[in-house]
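Could you build all of it, start to finish, from the sequences and the hints given here?
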Amino acid sequence: MSDTNKPYVCTLSKELQEKAKKELHETPEGREQGLKALREKTHTRPDIKFRTDDAFLLRFLRARKFDVNRAFKNLVAYYEIRHEYPEVFDNLEVDKLKYIWEEGLDGMFPGKDSEGRRVGVFRPGKLDVDKYSVKDMARASVLTIEKMLEDEESQITGVVMIGDFADYTAKHALHNGPSFAKLMMSITESAMPIRNKGVHFVNTPSIFEAGMAIWSVFMTEKMKKRIRVHGDEYGTLHKYIPSANLPSDYGGTQPSVTECTTKWMKELQTWETKYIAENDKYGIPKMKDALGKDAKTIDPSGGLVGSFKKIEL
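Following the working numbering, the numbering of the sequence shown begins with 123 at its first residue and continues without gaps.
Hints were generated in silico from the structure; no laboratory data involved.
Just so we're clear, the structure is a prediction, and the values are computed from it rather than from any experiment.
We treat Cβ as the ideally placed atom computed from N, Cα and C, and that holds for glycine.
Just so you know, not all the hints are guaranteed correct.
[Stated by the list, open to error] Just the calculated beta-carbon pair ranges, DEER-fashion:
no., residue 1, residue 2, range
1, 145, 233, 18 to 26 angstroms
2, 301, 236, 36 to 44 angstroms
3, 354, 145, 28 to 36 angstroms
4, 139, 348, 19 to 27 angstroms
5, 336, 220, 23 to 31 angstroms
6, 221, 144, 40 to 48 angstroms
7, 336, 136, 39 to 47 angstroms
8, 375, 143, 28 to 36 angstroms
Following this line, the structure appears as structure tokens:
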């Protein structure tokens, strides 16, 4: 990122500007007022070093339909979860997670659908849980979301995900229990300002329903209504996502999942060098204990930082 202080210049088409106005209550005047009000609210939390350039703050306003109070809660949640889970958010490097994309575990497909949405996939059953941590999936998801949020069109239109549960076993379910479910739902629903427009599950095994019963505890009612389960019937999937936006694995015209996710990894590698280092300059400063180690439980403002709890937005 060359200049985080650069004033916002709208690059949206007239159609997307109209969509933003209709769905998010965004207007040029409201945008200016919202940015000013949100920036002023950051002064109420001196314990957090906020990134406050227009482009960054705008993604939070859009995610919460220009409700400044809700946008600020989202912004605070973004920094609090980064502080609470350093094993997920610290030292993010694409090259350390290359296997995620090269083996098609997570990533985005090329192009956008007829509604301007990006379409992506996650395949938890492909993770070798004897060799790798499920938190690698979380780290990969964070990188993907941060990259998508650099595209202001995606801030407006949102994203659609495919959850492919092929090869998912009881061992995978054990590693994807309540604590991981809470982390992922907090990331995708409370902390990251992403507009998740739907999740479509395919290749669901018998154990899937038991797992969903656990995960649904941490979902908002809105998210629950946006879930569709297709089993191994790709024809119903195509009713929601055109074949032109799907890889060949799902009867689409795009290359295979692994080809798509590997291409996405290369995009991430190019983007990472100009974003991650800059973004890491902000947040809740880590305090040092007597041994010089990070003590994430100490709040710079003098209190204690407890476990991150989902913030209702």
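request  = If any of the earlier hints don't hold here, list their numbers in rising order.
outcome  = none
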